[in-house]
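S.K.: Assemble the whole structure, with the sequences as input and the hints as a guide.
So the protein lines, in turn, are chains A and B.
In this text, residue positions in the first sequence follow my numbering: the first is 1, and each later residue adds one.
In this text, residue positions in the second sequence follow my numbering: the first is 1001, and each later residue adds one.
For the record, the hints were derived by calculation from the structure and aren't laboratory data.
One should not assume that every hint holds.
To be verified - Output of the computed footprint for chain B on chain A, the stretches with three or more beta carbons under 8 Å from beta carbons of chain B: (1) 16 to 27; (2) 85 to 98; (3) 133 to 139.
Remember, it's a predicted structure, so these values are computed and weren't measured experimentally.
Quick reminder that beta carbons are idealized off the backbone N, C-alpha and C, glycines included.
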Amino acid sequence: MQDLIQALIKTVGEEHVAHSPKDKLVYSHICGPGGDFIRGQADVIVMPGSTAEVSRIMQLASRTRTPVVPRAAGSSHHGAQVPQQGGIVIDLARMNKILEIDERKMVVVAQGGASVYNIMRQLDERDLRFPQQPQYTSGVTIGAAVSCNISGVRVTRWGRFGEHLVGLEVVLPDGEILMLGSNAYRSKYGHYHRYMGGPDIMGLFVNSGGAMGVFTEVAVRVDHRMEVTDEISYGWPRDKIEEMVEAIYWMQRYDVCDVTTLNRWNYYSALQRGRVNIPENIEFINNISVDGHSKEEYDIAEHRFRQICEKHGGTDLGELGRFTKGGPRYHAWRGIAVWTGREFGPMFYHPTHALPEIYEIWERTCHKYGLWSPRYIPGWFSNTEQNVLYTYPLLGNTYPEDPVEVENLRQWYNEFHIEITKLGCVEYLIGDIFPKLVVDNLGPAAQFIKRLKRMMDPDNIMNPMSIWR
Amino acid sequence: MGLEKVKDELYRCVTCSQCYGRGPNIPFRDADDSTPYWVCPILDKFGFLTYSPQALMFIANKVYYKNFPVTEDLIQLYYSCVSCNRCSTQCTRPFMDIFRAMKEEMASRGVGPPAPVKKANENIRTKHNFMGSKPEARTKWAEGLNLSKTGEVIYFAGCYASFRQPAVAKATVKVLKTAGIDVAYLADEEWCCGMLAGWSGQPDILADMAKHNVGALKKAGAKKVVVSCAEGYRTLSRDYPQIVGKLAFDVQHISQTLAGLLKEGKLKFKNKIKETITYHDPCFLGRHCRGYDAPRAVINAIPGIKFTEMEHNGLFADCCGSGAGVTGMSYPNQEKQDAVKRLKEAKQVADTLITTCPRCTETLGRVATETNKIKVEDLMELVAKVL
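M.R.: Set out below in structure tokens:
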């Protein structure tokens, strides 16, 4: 390892290589189940400054069969950023340049380590925006946004981040620099279109959780900023969940910008502090983002969605959706986690109409394991994502240093996953924390992904914790 | 003592990585809470996640649960934090309490503070000033001013104004007297506020200073104590009550006193100053105590001044680099880098940089003399010119 560290220092400079015990400890740190269930420490952390340096690092790793884990903000829940088998952690924070914002072609190009929020500010100043608005922090990078295929506001209408990907530069496990999408053919016209006249190879890298390569340059389609954007909130009692699902379905059909369904627990700390007022009988809160190119267009849309909610028994909750700092439904999870402790939870897809059944499993299993209490704040969070629901219920206040606590959560986590997987729910990003059934359930498709991974990375050095090994 | 008092805060991190961010916290320029580009000062310098608030908190957690040793390697990590408190404005975690507790934990185990700070703390203990000057030199600035040692309004000059910037202390007395205030001064009964010790892991020294100063102020009949420096203001108003209980007097920063006097019409500025001026928010007055408006009110009341803000102002003001003195003494190069950055931003918008903390004035003034042509002045010096 010492030889490798020296070689890395020679590649990127001494100030960009860290390997003290405190550095190794910190780069193993993540929230959620990965942090609690998965342990591992890097041998060395390296911060390359260019694609060429990333390539040389990968060549060194490949030659020495050293595991490599790319890491950005580390806010993912799946443990993909934990160096379980040691080796090298690549932190792309130095590769943070916004390379181009083309207002005519509506494309932004940035290095893989560029802050998504920084890009959003630059777009905002040009009246542009990402079609779906990432809703994280300035720590999240655009490379990670592709690797984790992040969600955000307007995902109901526009889908996830990866769906707007135009081009990608990726360094493969053997150090080869591969250009995909618009990166493959760009010349005079630059970046403008995703497809290359063949299979959508870029899709292989989207949502890959750092298992296929290091993303060093990303081109993404952008959109014009809407003139008017606002949020309305409607609530439903627990026994009216079926009516609420009906309302969500109709809002989807009418091309709503975004709908997020939360349960009352999400507002627990705000209710305790008297910051919000929610009628006692309301269990579910739907925050509905509405937008329009003009005030008239907005008013028509808002009126339509209010009609749908009211027709299906919803109660107008006024300004509730906008109570948090940052405006519309800004980081509802912050209300759970930051005020109460860490956050922890599964993330999966299911059809909209399955919500009542899945919610019942959540309630039942949480009660069974003693998690339905203010200590854990079992907050439900479903994002309507095009015509399905992307659900990530969260538990706060876990005690990562308490083995009994962690084991209880692990058992709950497995039981919950097995039940929902059997019903046909599918995970958002599969990591090592999941029960085996989650992968087995994918059948031959999982085997095919593993074959591709072996072909690209025969020594399995690229994020070897990945389930696709 | 140490991490025990913050143990319930140590694991409360969701790794949202706002504190590891390099960009605006809210990316929309017209949002109510729109913010400028922001990066934690030590993260900006060292780059690695290790130097982010979440990491400092995470390591403290591991230390508390005895899963990580306290070694010399941690000194640079915790003492290079400038305690600017910007992380705590972006996250609900009480980072400052945690980092102070960690430094106490380290010091109690014989690791840290860095040698220059340790020496300064010893000076506080033995000579009641961090410079190690003779205690009797403290009152030299007040010679000839005939200040009473008892009274309802007492000026607490602090070490910086007393020993290094007597002009600031003299200007303060002049301004208060002009406004008709019968200001008193503890003289040799005024000791160091103890801030440096409190922020570098030696709270026992801070406690000694608190007990003495509060006793002396009480004995002098204080109803209101006016403090020159931002750090002293925070220490007297926030730390002292935790050590000695509720204070029998109000504590005001001089900028707050002046803003009040202006509002009441007791203070009027006669002369004009035709300069473009910007203001540097001292971290310990601004983010630590939310004291943003009073200094600006005073500056804006001066006839002829054109006031402009730097990009990073108020809640998002950058640190001068001194880092409560802890960082400046331990890592002077780091202090200089921060000061250069701050001065560069100031120079883009103004001819003169005003601040209202003698420590900030000294740090920025010193580096400005070396590297930059912008004029740096304390608010009191500015005000004294227009009476």
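S.K.: Each hint needs a verdict: does it hold in this structure or not?
M.R.: Quick rundown of the hints versus the structure:
1. 16 to 27: holds (count 9)
2. 85 to 98: holds (count 4)
3. 133 to 139: holds (count 4)
Of the hints listed earlier, there is not a single one the structure fails to meet.
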